[in-house]
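*Asks:* Each chain sits in its own coordinate frame; assemble them with the hints.
In order, the protein sequence lines correspond to chains E and P. Adding 69 to a residue's 1-based position in the first sequence gives its number in this note's numbering. With the first letter of the second sequence counted as 1, position 176 gets the number 162 in this note's numbering; the numbers rise by one all the way through.
A few of these clues could be false.
[What the hints assert, rightly or not] Straight-line Cα separation of at most 25 Å, DMTMM-like style, residue types lysine to aspartate or glutamate; simulated pairs:
#, chain 1, residue 1, chain 2, residue 2
1, E, K332, P, D230
2, P, K87, E, E511
3, P, K179, E, E413
4, P, K175, P, E225
5, P, K108, P, E118
6, E, K506, P, E234
Calculated directly from the structure, the hints in this document are not laboratory data.
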Amino acid sequence: MIPLLLIPILAYAQMPELPPVELGIGNREVVWIVMQVHLLFAAFILGAPIFVVICEFIGMRTKDARYDRLAKEVTKVTSIAYSLTALFGGFAILVLVGLYPEVTSYMIRRFFPVVAIIYPLLFIGETVTLYSYWYTWDIWKEKKGRHLAVGILLNLFGLATMFAINAPTSFMNTPPRPLATATLWQAINNYTWMPLNLHRTVGNITFGGFITGLIAAYLYMASKKDEDKAFYDWMGFVGNLIGIAALIALPLMGYIYALEFYKYDASAGLYLMSDRLSMHWEINGVLTGATFLAGNFYIWLSMKRVEGANRFAPYVKAGFIIILICNAIWMTPRHFWPVMQVPEDLVARLELPPHLGFLALMPAKNTAAFLTVLVTLINYLLYRRALKTGKIIWGRIDFISQYVLIFLGFTSIWTMAFMGSVRSFARKYFHVYLYIKDTTPESYTPTLAFTTAMATLITWVFFILVSFAIWLALISGMQKKGKEG
Amino acid sequence: MVERSFWQKTKWKLVVSVALSLIIWTVSGLIGFPRLFQWMFMGYVIGGLLFFILLDARPMKERSGGAAVLSVIIFYLIISFVYTINGALWPQYNPAEEKEKIAKLMKSVVSPKQKIGELEAKVEELSKKVEELSTRPAAPAAAPAPSGEAAKKAAGKVAGIPAKAGPSPELIASGKEVYDLYECYNCHKIGGKGGVKRRGPELDHAGKEFTAEQLKTRIWYPYAPGTKATEGFEKEFEEQTMPDYYNEQISKEEMAALVAYVLSLK
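Bound conformation, chain P alone (with noise of 0.2 Å):
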């Protein structure tokens, strides 16, 4: 059997691509794969193509001594440039959105000095208080406990939310900005949007199924005794998915935010 030349089995391998290429093309058309994604698809078909022209070449001339070194260099440089323009092709973020988010999150952060000075003041304040109950007299009796309207406005005050108005739409609007703040979207979707894989309850109705305390402890305390799992997600329940650090990152006033905002969901 006669072997077939260098430029025969390419012609043959750039038929192939051809008809490949089409099929590919039509069938991911077909079960609805987006566009960017079919080229994508075109780009595998040719560094495919090229491999399989690779395969078949033929041998390459042997370099020795100063050629050897130079053509070394110039394959380093080839392979650099590819693998640094590699990465500038795909999507690129703007850091400056990060920088935004990370100032936000940095508001508790105090720095030593800032800290002796708060400490400082709480001294002062503190000799001040003795000093103060050093020199009054007896304290009066304590007010009696608030009840009925009373309790719940305090109550809806803990919680930062007006009990009888409903919270205000800046209320929730900063709701929804602590939410994006903390990335719950990558478990929790609202509107079908978020995370591909189902991590957490979807929060759609959050706002029909849960009462502002119980967000509260779900969120501070996810695993505190009495806290059951969402029917659906014992599995991720068990395994402790949902992160039980956010009583140390999300403070009063962002809860409230927040709370307002999925209460809003119904």
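Next comes chain E alone, as it looks inside the complex (with noise of 0.2 Å):
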């Protein structure tokens, strides 16, 4: 009977052996690429869609033309983004397969009915609603209900889609235990897919908002017309106001996501906040804290146009002076060194004293996020008062708002793709946190420089393809228009 035992063992060892293929430049460098950019995409066709749904909204129901057309031109670039969403998906598969074979086999086994059958529906059910959305907005002009149902139904598809594929997200994060037993949805409902699909949604929506502020912005400083300046003066003011509400939500958003991870394991959530990644989180801190200077630099600019708003000033930059102060506790770390542990000859320089520590801990870090939005809320407050004295000419925004749209687009995207590594880290020298262990040389966390440079990289190669993407289904056809006009 023993020798029975050998067959399972013949037959494997049978099999021809295929290592992992070696680029020569990273395993782990050339995924870390091409998964960002497949996420950017998908973040932005899941974003933006959300916010076209409620301008097209807007637009029915205040009868104001030009939500429609803000609308339509968001939705021309998100079919061409849908295009290069699907290549980078099936270009990151084939990258996984070839780099990481059996992580990923096992990835594709745990979860075969949710990648394999429910996945696939689902992106076909987005890609033929989004198409449907896209064609019949002419058709439909006059049954705009009907149109807009295509758009809450390609906007529920789309929300499916990323919750299915947050669940092996997730699941190599905080897989259930013990993971021997644990059934598919106990694998999909993992400790935290919930606050994962939140966190992603609201961040989704703030993406798409920031990116129609920059679309609006590039087409500001290409139009030659008036009226087009006007209508892009305008739409820039949209994306960033549905960008920054959006915005408002996403520390909390985060805050249950990381709260989720220490319920999982407290030694995860301390190598996630206080350890290794400790660090990442000053460069969030100041991403945070520069989109939000930034949304209410813009408000401020857009108050200045506005007749008779000066009163107000002085409370707007009151708001400024908290946000500083804020974003100063925010970013106040409880040491300047990489790890947990200070050696004990540097810890009187670069150690908080225990008094201080408070400054370090959460609460402290969420009166600053909280105080960060009130201020947020008062500012747009301040700016609807003041528009029901003032008459605004769309138009005439000082030009300086236009780099600061971009520089929202440019922040909002270089966040993603800094945070999504901070997401992957955590993780530790595990593919699947406790259980698969990631046995290839690039198992460790890379130094917060690195990570720096591959978010700068990535969001480069996002930026120009979008920037194509833009000038492709906007700027040509002005430019065209202009000519022939």
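*Replies:* Shown next as structure tokens:
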């Protein structure tokens, strides 16, 4: 009977051994770039339709044609971005199978019904609804309700697709324990699945808003006519408004997400927030602070062109001081040291003394985040109040505002590229946390300097492709019209 | 009322910033912020000053065509440079240290090829045993169970710690390495060093409070029936903050060393 045991071993031994492909430029880096670019496109094609349907709905209710034009132009760019998303998705699978065959094969088998049946079906559903939505725009001009229903369906497909693919992603960070007896649903509904869904949904709306602002800035710069300038000025304002509105909820979503890491495994939470990844949160602080400052600066610039709004300037300036102080609190680390324990001889120089340690804890950070959000809300209320008494002339905004919109677009992309890698690093030297160890030479956490350089590279790749999509969809058409006109 | 010029406003902002810097530097020094933190606050003041200058700057001249494209590219390059350099300015750790640590932790990982080899060896060993058993005469009666000193010695051996002589300094030193390797300091401070928040009991006197067996159970199976929360950490115990997977991660040898180290803390 014992020799029977050898049969599977011999059968396995007969299989030709094919090691993972070694590209020589770092397998992790290649997967990092391809996956992240795919994710950025995915975020855009999921975030933009939410934004677009809201705009179309407002347009339908208010009979303001500008909303419809805005929605249509963003959808045009989205349909090109959609093809690029699919392209990078296919590329990502090929790269994963070639460079990390074992873990990819495990993940596909573990989530087979999700990745082989549900996800493709949802993707097909999303494709059909997206192109239906785009191609019926003019046909159903008089049947807006019907067109809007297709848009809502598109969003439902988009959200469901994201939820489906978030399952394996979050599973790698927080797999159910014990894994051997976990059902498929337990693997899907793991500790961080729903927090990741929420975080990405809100993040994608922010992203969609800021990318719309970016598109508006490009088109404002390319506009020759005053009416076009007025429209794209307004479009930039709406993009920023929706981006900032969603951004307000983002710190809370991030907090819930991080809390689940602690609940799942306190040591994972600590690694993420206080140990080797602690300095990454300093960069996050810089980015979040810069985004809130820039968003509020844009409101300031918008207010400047409203007649009589000057009376609110001192309040807005006081708000900026609060945002700066809050950002300083947000960014105050427990120590200037890249890991948890500071060498004894450096503690006095690099670490907050115990009586000031509270500044590095979540209650202090949460208070700072809350105040920043509050100031942003108040600024918008002041803007609305200014509009009640003063008149606004669209297209007359300080030109620097277009760079603010570009900055917000760039920063949101860079933040996503950067924080995506932080989520990945939280797995430490595991592919699936605690269960599947990463035995490749690149299982260590890269340095912060390297990660920021990678985030910049990824942002450039994405930016070039998105700029191309905007040019193809909108600017070239505008130039053609200009020549004809 | 006459509107002040940009330069007048900037001069005033400079004066305020200098005054603010002096106040922040003095106060932060008095309440105990280390020098590096004080410099960071100065950085905020400078950043704030630049931002407030920008708020009141003159409107920017409009650009179009090639000039606009060029300005956007330059702008991207500037942001990219600032973000990338920002990452390099913060403290960096040496990945070589983590690689070394991972190599230690990977000792228990076996490749499929190794696994096949192990299985083949096991099959061979089992075949030999079957052969032996089929040819060997009846087994002798079982030896009597050890008692007294012998039992204590045996128990000590199970835990990896000689019962009488006490753990060797080498074993204690390896235990400290295990403590560092699994980053126990994140929650369990020793000598005041470790995580800033009180997440788990401090271990400074753990050697007096626990036996080897108790420590082993608390690390491998922290929520085993009969295990109670340490006083003051009832909430953490209820929330199961202490990871319950160390029985799959910390080997017997590592545990023996870790227990020896913690027991040495008195």
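*Asks:* Evaluate each hint against the coordinates.
*Replies:* Going through the hints against the structure:
1. K332/E x D230/P: holds, 12 Å
2. K87/P x E511/E: holds, 13 Å
3. K179/P x E413/E: Cα-Cα ~9 Å, so holds.
4. K175/P x E225/P: holds, 20 Å
5. K108/P x E118/P: Distance ~15 Å between K108/P and E118/P Cα, so the pair holds.
6. K506/E x E234/P: Holds, at about 13 Å.
The structure is consistent with each of the numbered hints, conforming to all of them.
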